[in-house]
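For chain G, the structure is supplied; the task is to place chain A on it using the hints.
Sequence order for the protein chains is G and A.
Position 120 (the first sequence) corresponds to 119 in numbering that gives the first Met the number 0; numbering is contiguous.
Position 173 (the second sequence) corresponds to 172 in numbering that gives the first Met the number 0; numbering is contiguous.
The hints are simulated quantities; they were obtained by calculation from the structure and are not laboratory data.
Bear in mind that the values here come from a model prediction, so they are computed numbers and not experimental data.
Take the hints with a grain of salt, since some may be wrong.
Think about it this way: if two alpha-carbon atoms lie no more than 25 Å apart in a straight line, the pair counts; the simulated SDA-like pairs of lysine to any residue are [what the hints assert, rightly or not]:
no.	chain 1	residue 1	chain 2	residue 2
1	A	Lys240	G	Leu77
2	G	Lys156	A	Ser50
3	A	Lys172	G	Leu79
4	G	Lys156	A	Ile122
5	A	Lys196	A	Asn210
6	G	Lys156	A	Asn112
7	G	Lys156	A	Asn127
8	A	Lys34	G	Ile155
9	A	Lys96	G	Gly94
10	G	Lys156	A	Lys54
11	G	Lys156	A	Gln116
According to the in silico footprint, chain G covers these stretches of chain A (three or more CB under 8 Å from chain G) [stated by the list, open to error]:
no.	stretch
12	29-43
13	71-83
14	119-130
15	150-160
16	234-242
Beta carbons: idealized from backbone N, C-alpha and C, even for Gly.
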Amino acid sequence: MDLLQILKQLKKIEPDQNYSRTSKMAILGHQITPKKTWQDLVWPTVRFGAGAALTTILIILIFVGFSKFSPMEDIDMLTLRAEAEAIDIQIQLTGLAYDRPLELINQTTTRALSESKTTSKTKTDVSNPDNKPKEDAKTEEVLEQVSINQALQELIK
Amino acid sequence: MSALAISALFFLSAGVTLAAENKKTEPTECNFGDKIQSLELIQNNAKLGESEKIKAELQIRKQILRQIISCSSEEARLLKLKLTDTSIVDRLVEKLKLNLITEINQAVDYYQNKNSQIDNLGIWGSKNMAQQILDWRRGNYAQLIERTANLVAWNNNQGMIGVAEIRLAETKKDLEVEIDNQKIQEVMDEAETNLTKAKTLNQRAREALLNSNNNSINYLEIIKQSLESLGKMYDNFFEIKELATDT
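Extracted from the complex, chain A is given alone in its bound form:
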């Protein structure tokens, strides 16, 4: 029973994956292939007169821009929803989460502001707006998504470390009788070292997460290393189980 409860906690902490399926941050119906194709067809249509072509091109450009802004706003809204649903125990990280939500709200305002300008655009204006939005998305918004991903990655790691600690304690207790076996003791020590390493890296990642000004730290690499240490600890568990069965 306890194994089941711990597993439930583990998978819950791993991101509530299935529930998240319904709250994807990238809207699924936001593909622009057909409209881009229509734009290209108008641009290459030799039968259209110059003014007809401009009129048709402008119309399709505005449609695409509106669709882009609608999809981008939805993307931001779902990103916010995902963050709001993420429960965080750490007080400082929770504060960071609230800051990110504020920034996402500002992103939605940005899109709304751009949307209100579309009606007055000409062809050059539409190209200019597309460039502005693209630059903004590649700069500010990409960073916002990256920081959100960092926070989610760190938060997922907490649940996994918590369960790994319980597993280590359980394995130790199970093997109290066989602990005099030298090889088992060695692997158990290795498991403890791996857990300590995972926790140390996790702490480093937390500091990096809270200090977002420090761009020199490869945050995701630290999280990845922490997870790899946890993975090695599970390999130790399997080895211990095997050794215990052989004795």
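So here's chain G without its partners, still in its complex pose:
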């Protein structure tokens, strides 16, 4: 082999491709990123999937799994209690209706209770003229409470 042929062969010699690339990047000032393997591609997907699954499980646990001990249970109890109280009020109204059927029709418990107090006072004061001249606020309040039937009774006298 003569010298000329040896020199031609030397022209074909090339550097390692990976070395060439990293050297080039180093000269150009780029950060060198190693070539991605199949693990590098799959791992983020697995990590994201696991995170999403965990979040979903937590949401399900919060809204369904723990519902027995959560405010949702309290709302159910509150509804039940409100209904039970409504029944109690109806029982009281039905009890009052023996003497005051209009109260049941009107469905006003508080009014019934306050009136039952004032009417008893009215009966005493209006039927007793000796107490009549009392010019105080209490008398005014009592006099305002004379009902239709009581007024009729007064007219009969």
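Frame of chain G, contents of chain A only:
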């Protein structure tokens, strides 16, 4: 959501309480205290001559009678309005409601008739009319109000029983897993018994309501007992919830 819907139905059936506030059957401005006081002052006024006293007394008596009739008519009108607004599913009870409305119309006619007679009254006549109206109110009209109250009470009970039935079904469904718990099963059976009792009493009340000639039945007592059974059923629900939480 379903709980909210059922609650809405429940409170609606309980008498539409808030709406009814604006339609009270007893007019609020019908108090006669000041006029009765004026009447008493005239009767006890020694300074007035006999004829002046009679004239003044008659005038105030007529005013009171007119006010009484106006208030009574308004009371009847509002009672009718309350009945008209009550929606009833049961056909026979609805028929009873219409009969009651007719009777209320007759009551309004009665008051109008009395009102037309006031101008011609003397003192004795005014006392007589007051007695007649009082007797009529204590007899016919009080009975009319009582029957209306009975109907309203029964109608309110229907909504409450309806919701209680739904609640029982819901509670049963919720506890399907825990139903093998002996104590829960016992309380659940008790709840069912209470509901059955409430419904039986409600049916008795309906029959009594439709048969108004039978005065021996204490109608309101039956309704009250029915409601008390419903109340006991809710106590059972609370006990079941407590037991279910403990397990």
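Check: Out of the numbered hints, which ones does the structure contradict?
Finding: none
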